[in-house]
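As they're listed, the protein sequences go chains F and U. Okay, so the first sequence: first residue is 1 according to UniProt numbering, each after it adds one. Okay, so the second sequence: first residue is 1 according to UniProt numbering, each after it adds one.
Fair warning: there could be bad hints in the mix.
Note: identical chains are not told apart, hence a pair may lie in one copy or across any two.
[Unchecked claim] Keeping only pairs whose Cα atoms sit at most 20 Å apart, straight-line, the calculated EDC-like set for lysine to aspartate or glutamate is:
{"id": "1", "residue 1": "K122", "residue 2": "D136"}
{"id": "2", "residue 1": "K210", "residue 2": "D193"}
{"id": "3", "residue 1": "K459", "residue 2": "D87"}
{"id": "4", "residue 1": "K409", "residue 2": "D150"}
{"id": "5", "residue 1": "K210", "residue 2": "D331"}
{"id": "6", "residue 1": "K149", "residue 2": "D105"}
{"id": "7", "residue 1": "K459", "residue 2": "D422"}
{"id": "8", "residue 1": "K210", "residue 2": "D260"}
{"id": "9", "residue 1": "K414", "residue 2": "D115"}
{"id": "10", "residue 1": "K210", "residue 2": "D87"}
{"id": "11", "residue 1": "K357", "residue 2": "D422"}
{"id": "12", "residue 1": "K437", "residue 2": "D92"}
{"id": "13", "residue 1": "K242", "residue 2": "D331"}
{"id": "14", "residue 1": "K437", "residue 2": "E408"}
{"id": "15", "residue 1": "K452", "residue 2": "E463"}
{"id": "16", "residue 1": "K210", "residue 2": "D92"}
{"id": "17", "residue 1": "K264", "residue 2": "E455"}
{"id": "18", "residue 1": "K437", "residue 2": "E13"}
{"id": "19", "residue 1": "K210", "residue 2": "E5"}
{"id": "20", "residue 1": "K414", "residue 2": "E35"}
{"id": "21", "residue 1": "K414", "residue 2": "E16"}
Source of the hints: derived by calculation from the structure; they are not laboratory data.
Protein chains: 2
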Amino acid sequence: MNRYENLANVLGERIEQGLYPAGHRLPSVRVLSTEHGVSVSTVQQAYRMLEDRQLVEARPKSGYFVSLLKRRAELPAVCRNPQRPVDISQWDLVLAQLNSRAHVDRLALGGGTPDVTLPTLKPLSRAMARVAQRTDLSALYYDSLDGCKDLRDQIARLLIDSGSHMDAENIVITTGCHEALSIAIRSVCQVGDIVAVDSPSFHGAMQTLKGFGMKALEIPTDPVTGISIEALEMALEQWPIKAIQLTPNCNNPLGYNMPDDRKKALLRLAQAYDIAIIEDDVYGDLAYQYPRPATITSFDDDGRVLLCSSFSKTLAPGLRIGWIAPGRYRDRAIHMKYISTGTSATQPQIAIAEFIKQGHYQTHLRRVRHQYQQNLCVMTGWVNRYFPQGTRVSRPQGGFLLWVELDEKIDTQKLNRLLEPDQIQISVGAIFSASGKYRNCLRLNYAQIDEKVHEPAIKRVGEMINQMMMMA
Amino acid sequence: MNRYENLANVLGERIEQGLYPAGHRLPSVRVLSTEHGVSVSTVQQAYRMLEDRQLVEARPKSGYFVSLLKRRAELPAVCRNPQRPVDISQWDLVLAQLNSRAHVDRLALGGGTPDVTLPTLKPLSRAMARVAQRTDLSALYYDSLDGCKDLRDQIARLLIDSGSHMDAENIVITTGCHEALSIAIRSVCQVGDIVAVDSPSFHGAMQTLKGFGMKALEIPTDPVTGISIEALEMALEQWPIKAIQLTPNCNNPLGYNMPDDRKKALLRLAQAYDIAIIEDDVYGDLAYQYPRPATITSFDDDGRVLLCSSFSKTLAPGLRIGWIAPGRYRDRAIHMKYISTGTSATQPQIAIAEFIKQGHYQTHLRRVRHQYQQNLCVMTGWVNRYFPQGTRVSRPQGGFLLWVELDEKIDTQKLNRLLEPDQIQISVGAIFSASGKYRNCLRLNYAQIDEKVHEPAIKRVGEMINQMMMMA
Numbered sequence: 001m002n003r004y005e006n007l008a009n010v011l012g013e014r015i016e017q018g019l020y021p022a023g024h025r026l027p028s029v030r031v032l033s034t035e036h037g038v039s040v041s042t043v044q045q046a047y048r049m050l051e052d053r054q055l056v057e058a059r060p061k062s063g064y065f066v067s068l069l070k071r072r073a074e075l076p077a078v079c080r081n082p083q084r085p086v087d088i089s090q091w092d093l094v095l096a097q098l099n100s101r102a103h104v105d106r107l108a109l110g111g112g113t114p115d116v117t118l119p120t121l122k123p124l125s126r127a128m129a130r131v132a133q134r135t136d137l138s139a140l141y142y143d144s145l146d147g148c149k150d151l152r153d154q155i156a157r158l159l160i161d162s163g164s165h166m167d168a169e170n171i172v173i174t175t176g177c178h179e180a181l182s183i184a185i186r187s188v189c190q191v192g193d194i195v196a197v198d199s200p201s202f203h204g205a206m207q208t209l210k211g212f213g214m215k216a217l218e219i220p221t222d223p224v225t226g227i228s229i230e231a232l233e234m235a236l237e238q239w240p241i242k243a244i245q246l247t248p249n250c251n252n253p254l255g256y257n258m259p260d261d262r263k264k265a266l267l268r269l270a271q272a273y274d275i276a277i278i279e280d281d282v283y284g285d286l287a288y289q290y291p292r293p294a295t296i297t298s299f300d301d302d303g304r305v306l307l308c309s310s311f312s313k314t315l316a317p318g319l320r321i322g323w324i325a326p327g328r329y330r331d332r333a334i335h336m337k338y339i340s341t342g343t344s345a346t347q348p349q350i351a352i353a354e355f356i357k358q359g360h361y362q363t364h365l366r367r368v369r370h371q372y373q374q375n376l377c378v379m380t381g382w383v384n385r386y387f388p389q390g391t392r393v394s395r396p397q398g399g400f401l402l403w404v405e406l407d408e409k410i411d412t413q414k415l416n417r418l419l420e421p422d423q424i425q426i427s428v429g430a431i432f433s434a435s436g437k438y439r440n441c442l443r444l445n446y447a448q449i450d451e452k453v454h455e456p457a458i459k460r461v462g463e464m465i466n467q468m469m470m471m472a
Numbered sequence: 001m002n003r004y005e006n007l008a009n010v011l012g013e014r015i016e017q018g019l020y021p022a023g024h025r026l027p028s029v030r031v032l033s034t035e036h037g038v039s040v041s042t043v044q045q046a047y048r049m050l051e052d053r054q055l056v057e058a059r060p061k062s063g064y065f066v067s068l069l070k071r072r073a074e075l076p077a078v079c080r081n082p083q084r085p086v087d088i089s090q091w092d093l094v095l096a097q098l099n100s101r102a103h104v105d106r107l108a109l110g111g112g113t114p115d116v117t118l119p120t121l122k123p124l125s126r127a128m129a130r131v132a133q134r135t136d137l138s139a140l141y142y143d144s145l146d147g148c149k150d151l152r153d154q155i156a157r158l159l160i161d162s163g164s165h166m167d168a169e170n171i172v173i174t175t176g177c178h179e180a181l182s183i184a185i186r187s188v189c190q191v192g193d194i195v196a197v198d199s200p201s202f203h204g205a206m207q208t209l210k211g212f213g214m215k216a217l218e219i220p221t222d223p224v225t226g227i228s229i230e231a232l233e234m235a236l237e238q239w240p241i242k243a244i245q246l247t248p249n250c251n252n253p254l255g256y257n258m259p260d261d262r263k264k265a266l267l268r269l270a271q272a273y274d275i276a277i278i279e280d281d282v283y284g285d286l287a288y289q290y291p292r293p294a295t296i297t298s299f300d301d302d303g304r305v306l307l308c309s310s311f312s313k314t315l316a317p318g319l320r321i322g323w324i325a326p327g328r329y330r331d332r333a334i335h336m337k338y339i340s341t342g343t344s345a346t347q348p349q350i351a352i353a354e355f356i357k358q359g360h361y362q363t364h365l366r367r368v369r370h371q372y373q374q375n376l377c378v379m380t381g382w383v384n385r386y387f388p389q390g391t392r393v394s395r396p397q398g399g400f401l402l403w404v405e406l407d408e409k410i411d412t413q414k415l416n417r418l419l420e421p422d423q424i425q426i427s428v429g430a431i432f433s434a435s436g437k438y439r440n441c442l443r444l445n446y447a448q449i450d451e452k453v454h455e456p457a458i459k460r461v462g463e464m465i466n467q468m469m470m471m472a
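Construct the complete structure from the given sequences, taking the supplied hints into account.
Right, dumping it as C-alpha cells:
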C-alpha cells in the first residue's frame, strides 16, 4: 500500500468512526501534509480516493467536506430471539458453504480465512521445513496427550496479554479451535442439555451442539456490547441451562469486544447459577486496540471458564493447531481429547513454538492487524457506496469479518443463488442462528482484498440486492 | 542385522510356527549353507544363537535338533465373557499408560508405536520439507472437509490390495484412526446404545464408546480365527446391539487375521440383524502374508461397513493422518468430521500423497514388514526363554504386537509397579477389556528391538513374574 492509500484509509476510518461527522469540514491539504509528513500531492490523491468512495465531497474554494449524501450506516439491530431452547438446524447451509471451498473459480466473499500470504509468515514455513528434516525423529512419534510442552509454554506466555496467568499444565493442544470447542462442550454437557449462545453466533460451535444432541438458547446480543446480560439472566431463571458458549472478543460475526464490566457481570451470573462458560477467543489476538482486550478467563477465579482458541486465524488454518485451557474440567477434557483424535500432530507444534519463541508471532500480528484495520475501512466504504440505503453494518473492533444487515425483504440465500452466474458467493446469515434467523444478513471477509477483484464483486452484490429490492 | 542373525531368525520362525516339531532333526550345516548361500561358519553362528534362545539343541555327532525342553507356548485362552453389556471402565489405567510416554527414561515395552527410524521413511521427511516451503500457499488454507483429493485418490489405490474398489469420494481424511473411529461410532450410535466388540479389544476404541456414553458387549474371541460368530449371533438375539466394532486383520492385541469365510459370515449376520460394522484396519497393511488379507469392507455390498484406518502404524503416528470410508453413513460422518476438528491438516496430506505416488509406501511396507516378522521371532524366543512355563503367547500374522497370557495369579498392574525401579513398563491387559478382564495378560511391542536393551528388559520382566509366582 502506498502513501496516499495509507492516508486515505486513516481519514476514511476517522470518518467511518464518526470523528468527522457528515457535512463537517475536513483538515486542509496543507495541514494534513504537515501532520503526516507527506507531500501536498499525496494528500490530494488521498482526498480523490475518498471522493471515489463517496466519503468526501470537494467544494470549490472551500476545501473537503464529509459527504452528506452517504451517512454512516446504522448498526445491525439486536435480534428478537425465541424465548425457548431449540434444536439446531441449518447444517445443509453450512455444508453448502464449506463445499463451496472446492470451487476454486468462485470468489468467496464471506469465508473465515485469514491472509496467509504475508512475508511475516515466511519464518513459519522455514521452521516447518526444518522440523521435517530433523535427524531427531521424536516428532514422528505420538506426542503426549496434552501436547508439546514447548508450545504450551509459549501459549501460556501469549495468554498474559489477555490477562491470564496460567501454567503450561492448564493448556491442552488440540486440532484447531474446532476440536477445542468440541472437547469443551463434551466436558460440561450431556445429550439433551441446553446451552445459551450469543446470537448471531459462530456456526461451527452451534453445529457441534447439534452433533452432540444439545439444544441452543439464543440470547439477544448487542452489536457493540455483546450478549445481553439481562436477557441471559432471565433465561437462566427460566431454563436449566448447563453452559454459556460465546465469543466475547472480536466476535464472529459481529466484531465487537464486550466491555470488561460486562464480561465480569457474565462471570458472576455463571457463578450464581453454577454453570460453565465456553469462551471462544480465536480472533482475540487480532483486536485493533492495544493492549488486546481481556478474556473472561482472565477474571475467572474458580475454573469454570473453558478457553478455546487456535492459530487458525492468527497464523494459518491449514496447520490445525489450537488449544483449550479447560480450567476445573481438565480431567474430563483430557478424556475427550483422547477419544476425538488421540494426540495432536507434532511437527507443526514444534514449528509454531519456535516461531513464537523467536518473536515472529508478535511481528506478524502487528502487520496483519494493521492490514485488517485498513481493509475494514475500504470494505465498509464499498458497502456504504454500493449497497442500498438503509443497509446496516457492524463496526468490528478486530478480526477481518463484517456483518451486514439488509432490508427484511432480502433473503441472502436467494442472493447467493442469483450471484452464482457471476461466480461470487457471500456467507448467508442464516447459518449464524440455531433456528435460521438472520436470513436478511450476510458476512463479508476483508482479510485480503484486491481492489480490482473485490470492489467490482461488492458492487455486483450491491446491484443484485438493489434488483431484489425492486422485485420485492 | 547381519547374516547369521538373519538366518537364525528364519530358522527360529520355522520352529515357532511348528514347521520343525519338537525333537525333530534340523537341516545340516552344509545343507543350510548351500540353501541360503552363506558360509558354513555363518550357519554355525546362527545355530549357536538358536541354542542361546533354547530353541535348538546340539547333539554331538548327530547335528542340531529342535529343543525338547522348550515346547512351543500355547495360545492364549478364549475368554469367558460377561453375558451382558457393560459401561466401560479402565480409563485411569489407559491414562496412566499414555502419560508414561512423558517418562523418556523409562523403557516402554508395550506401546503402539511403529519403527519410524528406517531409511525408507526418509523420502517422506523430504516431501514434508518441500511442501512446507512451497510458494503455492494453498496448504496453509482450510482444506476441503473430506480432505485432499490427491491423497484420497492414493488411498483408493491402496485399498485395492485389501479387495476394495472405491472412489476417492467414498473416503474422508481424518486426524488419525482415532478420529475415524470416533466419527464412525457417532455416525451409527446414540448415547446408551450397545456396541459388540472383539475381546480383548483396542482400548482407544473402547474408550471412545465410553466417552460417548455407549455400552460395550464383549464377544469371546479366538486367538487364531477372531471374534466368535456363534457367540455374536447369540448376543444379537438377546440384545438390541447397534454396531459391531472390531479389528479383523492383524488384530490388536491378538495379531490374528480372521479367515475370509468368517469375515463373510460376520457380514451376513450384520445384514440379518441390520446393524453397522466398524472395521478398524489400521494394522492391515502390515500383514506378513502376501497379498495382504481382505477387509470385511471388501465383501460389503450394502454400505454397512465403516472402514477406519490411518498411516500411524505404517508410516508415523506423529503425522496424525487417517481416513474413514463410511459407506452409506457418509452424510452423517461428514457432519461428525466437521464438528470434531473442522478440516484436517493440509501439508502432511500432500506430502503423504507424493510419498505414495512415487512408490515409497510399498518399498517402506516391504522393509518394515520384514523387520517386524523377524523381530516377532526374536521376541517370542525371549518370552519362551525368560517367562515361566505355562505362559501363553499369541502368534501374530502381522503388525508388531505380542499378547502374553500369564498364570491367573499374576496381576500385570502389580507387575508394572514392581518394574518401576527398573524403569521398565509393559502394557497391562486390563485396558483391553471394557470391564477390566485380562489382568493376568500383557502386550509387548516388537517393532524396534535392540538386543542389548530389550533382551535384558524382557529377562527382567520374566524374573519379576517368577518372583510373583513364588510369592503368590
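Hint check:
1. K122 <-> D136: Only across copies: K122 and D136 sit 12 Å apart there, 23 Å inside one copy, limit 20 Å.
2. K210 <-> D193: both (11 Å within a copy, 19 Å between copies)
3. K459 <-> D87: Neither way: K459 and D87 sit 37 Å apart in one copy and 59 Å across, limit 20 Å.
4. K409 <-> D150: neither (53 Å within a copy, 43 Å between copies)
5. K210 <-> D331: Between. Shortest inter-copy distance 14 Å satisfies the 20 Å Cα cut-off; intra-copy 24 Å does not.
6. K149 <-> D105: between (41 Å within a copy, 17 Å between copies)
7. K459 <-> D422: within (12 Å within a copy, 73 Å between copies)
8. K210 <-> D260: neither (30 Å within a copy, 39 Å between copies)
9. K414 <-> D115: Classified as neither: same-chain Cα gap 28 Å, cross-chain 55 Å, threshold 20 Å.
10. K210 <-> D87: Result: close within a single copy only, 7 Å intra versus 24 Å inter.
11. K357 <-> D422: neither (45 Å within a copy, 37 Å between copies)
12. K437 <-> D92: within (15 Å within a copy, 44 Å between copies)
13. K242 <-> D331: Within one copy, since 18 Å is at most 20 Å while 29 Å is not.
14. K437 <-> E408: within (11 Å within a copy, 63 Å between copies)
15. K452 <-> E463: within (17 Å within a copy, 77 Å between copies)
16. K210 <-> D92: within (12 Å within a copy, 29 Å between copies)
17. K264 <-> E455: Neither. Shortest intra-copy (41 Å) and inter-copy (60 Å) distances fail the 20 Å Cα cut-off.
18. K437 <-> E13: This pair counts as neither: shortest intra-copy Cα distance 30 Å, inter-copy 68 Å.
19. K210 <-> E5: neither (45 Å within a copy, 58 Å between copies)
20. K414 <-> E35: neither (48 Å within a copy, 77 Å between copies)
21. K414 <-> E16: neither (30 Å within a copy, 70 Å between copies)
Violated hints for the displayed structure, listed by number in ascending order: 3, 4, 8, 9, 11, 17, 18, 19, 20 and 21.
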